[in-house]
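**Q** Taking the hints into account, I'd like the entire structure generated from these sequences.
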Amino acid sequence: MSLAAAFDEPAFVPYLAVGDPSYEQSLRYVEAVVDGGADVVELGLPFSEPIAEGSTIQSAIARALDGGMTPDRYFEFVAELDVTVPLVCMTYYNLVYQYGEEDGPRPFVERAAAAGIDGFVIPDLPAEEAGPLRAACDTFGLDLVFIVAPTTEGERLERMRELVSGYVYVQARLGTTGARNEVSDHTERSLARIDDWEVPRAVGFGIKTGDHAERIVSAGADGVIVGSALVDIVAEGHEGDEATETVAGRLEQRARELTRGARRGAGQATRR
Amino acid sequence: MSLAAAFDEPAFVPYLAVGDPSYEQSLRYVEAVVDGGADVVELGLPFSEPIAEGSTIQSAIARALDGGMTPDRYFEFVAELDVTVPLVCMTYYNLVYQYGEEDGPRPFVERAAAAGIDGFVIPDLPAEEAGPLRAACDTFGLDLVFIVAPTTEGERLERMRELVSGYVYVQARLGTTGARNEVSDHTERSLARIDDWEVPRAVGFGIKTGDHAERIVSAGADGVIVGSALVDIVAEGHEGDEATETVAGRLEQRARELTRGARRGAGQATRR
Amino acid sequence: MSTDGQFDGYGGQYVPEALMPAIEELADAYERYVLANEDGFRDEFRQRLVDFGGRPTPLARADQLSARYDTEVYLKREDLLHGGAHKLNNALGQVLLAKYMGKKRIIAETGAGQHGTATAMAASHLDMPCEIYMGETDIARQRPNVFRMRTNGATVTPVTTGRGTLKEAISETMRDWAGTVENTHYVIGSIVGPHPFPSMVREFQSVISEEAREQIQAEAGRLPDAVLACAGGGSNTMGTFQQFRDDPVDLYAVEAGGSSLSVDEAAGVAPNSATLSTGDEGVLHGARTKVLQDGDGQILESHSVSAGLDYAGVGPELAAMVDRDRVDAVNVDDDAALAAFHRLAREEGVIPALETAHAFGYLEQHHDELGEMVVVNVSGRGDKDLETVIEATRKRDIDVGPTMELFREVGGAGGGR
Amino acid sequence: MSTDGQFDGYGGQYVPEALMPAIEELADAYERYVLANEDGFRDEFRQRLVDFGGRPTPLARADQLSARYDTEVYLKREDLLHGGAHKLNNALGQVLLAKYMGKKRIIAETGAGQHGTATAMAASHLDMPCEIYMGETDIARQRPNVFRMRTNGATVTPVTTGRGTLKEAISETMRDWAGTVENTHYVIGSIVGPHPFPSMVREFQSVISEEAREQIQAEAGRLPDAVLACAGGGSNTMGTFQQFRDDPVDLYAVEAGGSSLSVDEAAGVAPNSATLSTGDEGVLHGARTKVLQDGDGQILESHSVSAGLDYAGVGPELAAMVDRDRVDAVNVDDDAALAAFHRLAREEGVIPALETAHAFGYLEQHHDELGEMVVVNVSGRGDKDLETVIEATRKRDIDVGPTMELFREVGGAGGGR
Ligand SMILES: Cc1ncc(COP(=O)(O)O)c(C=O)c1O
Ligand SMILES: Cc1ncc(COP(=O)(O)O)c(C=O)c1O
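Chains as they are written, first to last, in the numbering used here: chain A, 3 to 274; chain B, 3 to 274; chain C, 3 to 419; chain D, 3 to 419.
Keep in mind the hints are simulated off the structure, nothing from the lab. By construction, the Cβ of each residue, glycine as well, lies at the ideal position given by its N, Cα and C atoms. Some clues are possibly wrong.
A few chain A residues facing chain C, derived, Cβ under 7 Å [stated by the list, open to error]: (1) Tyr25; (2) Ser50; (3) Ile53; (4) Pro73; (5) Leu97; (6) Asp126; (7) Pro128; (8) Glu131; (9) Ala151; (10) Glu164; (11) Ser167; (12) Thr246; (13) Thr248.
Stretch-level coverage of chain C by chain D, calculated; a stretch enters the list once three of its residues show a Cβ under 8 Å from a Cβ in chain D [claimed, not checked]: (14) 116-126; (15) 137-151; (16) 342-354.
**A** Written as structure tokens, this is what we have:
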């Protein structure tokens, strides 16, 4: 299934850091969120300097790196995953750039495609610097998702619109990732600015509960992206030394709540 | 007996800090060095900043101050002393200057004369600043001793010659007080420079043994001044917690050795 | 030189989208105020460098070193700048620029505390609220610098994630900025980060070479044969080189060789910070540049006895100049830097920062290859490094170093604090 | 002013005879080289102050303090001098003079270490062997300064007599000098001691007021109404006042009021160092001057939170100027000085020495009596005082001070050293 097609219904898009806290547990957790209804999964490939992440995801990344996660292990992981939903690789540009013998993003994209990745989100790669990666994605038929921030405007917005594929990641508020209780009213305004884009609009940053998801979708989003709220569950399980299945169960349940929330929002959505 | 008259024979002039380590012990120690043959005694009045002293005498002064020595106690001490030799007060100018109600050295000199002091040595009072003290000494019939250093020459030497009375303290070598094993060959040269002075010439700094004393006198001195070598005996006794009489005995013996040394030198002296 | 932030393919703006408007706004402000002197920014900046910073700093012949090396050695004295290092040139420039831009708040990250203290001073001077992010490990290690920032009225926010050092502090500051860009300026401390930082910081620091070039000609009647400066991120280096770029003058960027140039990939550790010499191209903290990284592109932990050079990246412009052979990238190890620290202090009465000491370590080793006249930038003073140097000297056998007996005699290793 | 070392009866040369030739030789050298510029001494001195010391130091308006006090407040920035305090002006002058006199060795005493570090720097710069006497108690307390001297190649000789502090170190240095006068120069650190020291040190320090007087006229177009400087021995004070003496400018010497102005005669202790305000005439360390002493003339132990002001005497010339009402002797206590330390750091981005902070304490308390324009000399920087200030601030409740929580959070009281 193509990425865009996954948003036919209001989509739930979870993020998890691959290898957090271990390869095996991580495999199980990704399956759990898919079982809970995920329509797309963003799989974080841990980078040592995750400058765009809040402390929750920073810690997840540190756990994964401590557990020995590398790009190659990541691709094995993706290949081994037994899920049918589209998979997006979320990482930082240096890992994309360094991979393989030749300089540039092409070897990484080729390998990702082979492993089963459908697209990329690279938070430190603005549209201005994205030419080479866009080209490589085109070569191997992968999507390249961009993040639109509340402050993205004018020319920059136009450039992104030209380059984006799969879906657009709408940053609901300023700041880096991290769960918040309040859903920002930036959301509506942010969505309005890209009302006429051709790709689905998935909103992220700070979504925690089914209610949040519902409100976001009813504000016009085509999907919700949820990271920190899920990573928190992994972290708690890890700290509490809980059984993998217990944590997986909790993740699945939260995923289900979020999926339902998103679907509920659909009825009320008024696309302007 | 006048100070100068005490040098009829080659004189032994000991220095002790009054009140070191206690008032009573100090009384006994002064008597001991007189019993050993002292012709004049230099009695140190402790000052808090003894800039001209070596560490031996600095420590003696510190012990005396810790024991509560003050100018008034000092004068009591002098009055109480049961000795017949002339006594010289050795101290620093600030104590002389501050004493009594009125500013200036007069009250101090008056009080010292009453207590039985015959003269002064003030190491931080060069001839240039000595006018007021010289005048007060004249008023009360006391002597004022100056120190001639190896470096004192020309005009300065002349000024001192005019102001000095009692005896002249010839500093045998550069440096502050402190016992040395070698008698400096500065001595002869120093004495030669003041060959024609009217006052007796007592040599100090670094004299420790009867042999030293003998050599100094045979080099032309009219007397030897010995401080640190005696203070060392007091200090050892204090640190070793020895009986006052033991220490007094040792002081008396050393005094006798020094007196004899000085007298021995007389035979060989060739006054040029 | 370019104003688009590209240096032969190095540079660029690899930052989260949320920050793009801020750095575009900053690039615009840089061009208007800094380059075009709009509203007299440049004049005010230069005047404040004089009044508050104490510029110009002297350039003077080092008599003992000149004799030792049979080379005319001149010292450019950035150690005399307010705060004790060249860092203030940049901090003052950026805080003032933030004021011109109407920002209401200053943030910065700091590792060893040099950049943090410079920023706190500048913010205090210009009456701007200031928050400094610092890893908790670094806070514990750099107590005096933390206290300096605090007395200057800055908030020092401990960063407790990870190992609690510079890298975590950078992430945390980025995160703050991503949420507060509208009213906040992030003062980056070296010629690193996304455009316009590398160009802007170099511009603020170029006052060093502007003065030095004039001074050496006035004093020695000619240009030097070589200019030496230590390089961490490279702001001191680029500031010292800038005005000599078009001259027939050899430029040496001296990096920290640490304890060894070889890398322990398994542990993710480079026991040095010699990015120009041993790193390779990558993207770090907003720019494409040379980076200390493993084969996968994970950033290595760098190491140097001098905290201020201890960074796994380097300015993109400097990387480009090295590739073009305009700048020689060289390095000296911890031991040589320590010896040079002691040598400069003993021979010339100038106690250098440990960072600076690297430049003098290179001078010691290669003085006969540097021509007849050399300018060395004394990027900072060493007071901040005394404890480190005492410890490091005691562990080694450095013949130019003072013996440490005094410290053993009195109060033992911990001293009588 | 006189060249015979008498200031209305203060001054003179109360030293052991052995030293008289040395100070006569010095007085002669002072007149020839320093006053009459023989062999170009003065020119070389001034040039080295520029090249090595970083002169001129800035004079600049303090914007926040000016607003706070509704008074034009200007700061003269001696804290930017090499070494971090005005002390180098004098140390460099004397070491250079010793060189002109053909001396081969430098000695000095130091208490807190400021004068010792300045002397060690100057001696290193001029390639003269240097020995610094320091009480063993002070060595233990002032570890960083001891290390600075050692790295500059000076020998630091612990003095173990008495309490092992400044007074014992002075005696020891005198003793050394008395034995070595022929080849050795004793660098006295303030305008104290026998003639020619008070005049000579004032002369070396007067570069402060020479610059300040020109600068204030250039910047403000007129002379200030008042000039403030802290006073220990008084070198900073006299240096700051000298060129304003004939002007209609009020001069304030701010002494350390310590914890109280009253004296405990029984214990021999003055809990302050306010010699000008509370001392009386006596003879100390070679000069007749004001002294903290008991009724017998024994010198009291002085006290101040700032080690550099902690001295029981004061320069004779300054004492005379106070008696003549040309200088106002005032003082502020430890608490006010600490608060002023924090205030200047927070408001202006300048961390002053604790000595300096006293002048700002007086400004805070009396700004409305000082006229419309005030120059305050920032005699030194406060980096050396951080540990003292951290401790002292924690014990008090100073509302301008930063909270100390950070230090408690991270590593507890002892810090994470
Ligand atoms: C004294 C000194 N010199 C040099 C440097 C290195 O500066 P840069 O990283 O800009 O090369 C630092 C950094 O802290 C420093 O403090
Ligand atoms: C920074 C500073 N200011 C002032 C003083 C006092 O100097 P003076 O004793 O000459 O008055 C000192 C003395 O150490 C000092 O270090």
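**Q** State for each hint whether it applies.
**A** Hint-by-hint comparison with the structure:
1. A distance limit of 7 Å between C-beta atoms decides the matter here; for Tyr25 of chain A the minimum to chain C is near 16 Å, and the interface restraint is violated.
2. Nearest Cβ of chain C to the Cβ of Ser50 of chain A: about 5 Å, under the 7 Å cut. The hint holds.
3. Restraint check, Ile53 of chain A versus chain C: the minimum CB separation of about 5 Å is within 7 Å; hint holds.
4. Taken as an interface hint, Pro73 of chain A checks out: its beta carbon lies about 5 Å from the nearest beta carbon of chain C, inside 7 Å.
5. Satisfaction of the interface hint for Leu97 of chain A is found here, the shortest Cβ-Cβ separation to chain C being roughly 4 Å, below the 7 Å cut-off.
6. Using the Cβ-Cβ criterion of 7 Å, the hint placing Asp126 of chain A at the interface with chain C is satisfied: the shortest such distance is roughly 5 Å.
7. A hinted interface residue such as Pro128 of chain A counts as satisfied when its beta carbon comes closer than 7 Å to some beta carbon of chain C; here the least separation is about 5 Å, so the hint holds.
8. Interface hint at Glu131 of chain A: satisfied, since its Cβ lies 5 Å from the closest Cβ of chain C, which is below the 7 Å cut-off.
9. Against a cut-off of 7 Å between C-beta atoms, the interface hint on Ala151 of chain A holds, since the closest Cβ of chain C lies about 4 Å away.
10. Evaluation of the Glu164 of chain A hint against chain C yields a violated restraint, the C-beta minimum of about 15 Å exceeding 7 Å.
11. With a cut of 7 Å, the hint placing Ser167 of chain A at the interface with chain C is violated, because the nearest CB-to-CB distance is about 16 Å.
12. Taking 7 Å as the C-beta contact cut-off toward chain C, the hint placing Thr246 of chain A at the interface is violated, the least distance being around 25 Å.
13. Hint on Thr248 of chain A is violated. Least Cβ distance to chain C is approximately 26 Å, over the 7 Å limit.
14. Counting residues of the segment 116-126 of chain C whose CB lies closer than 8 Å to any CB of chain D gives 5, so the stated coverage by that chain holds, three being the minimum.
15. Counting residues of the segment 137-151 of chain C whose CB lies closer than 8 Å to any CB of chain D gives 9, so the stated coverage by that chain holds, three being the minimum.
16. Counting residues of the segment 342-354 of chain C whose CB lies closer than 8 Å to any CB of chain D gives 9, so the stated coverage by that chain holds, three being the minimum.
Hints 1, 10, 11, 12, 13, counting from the list given before, are not met by this structure.
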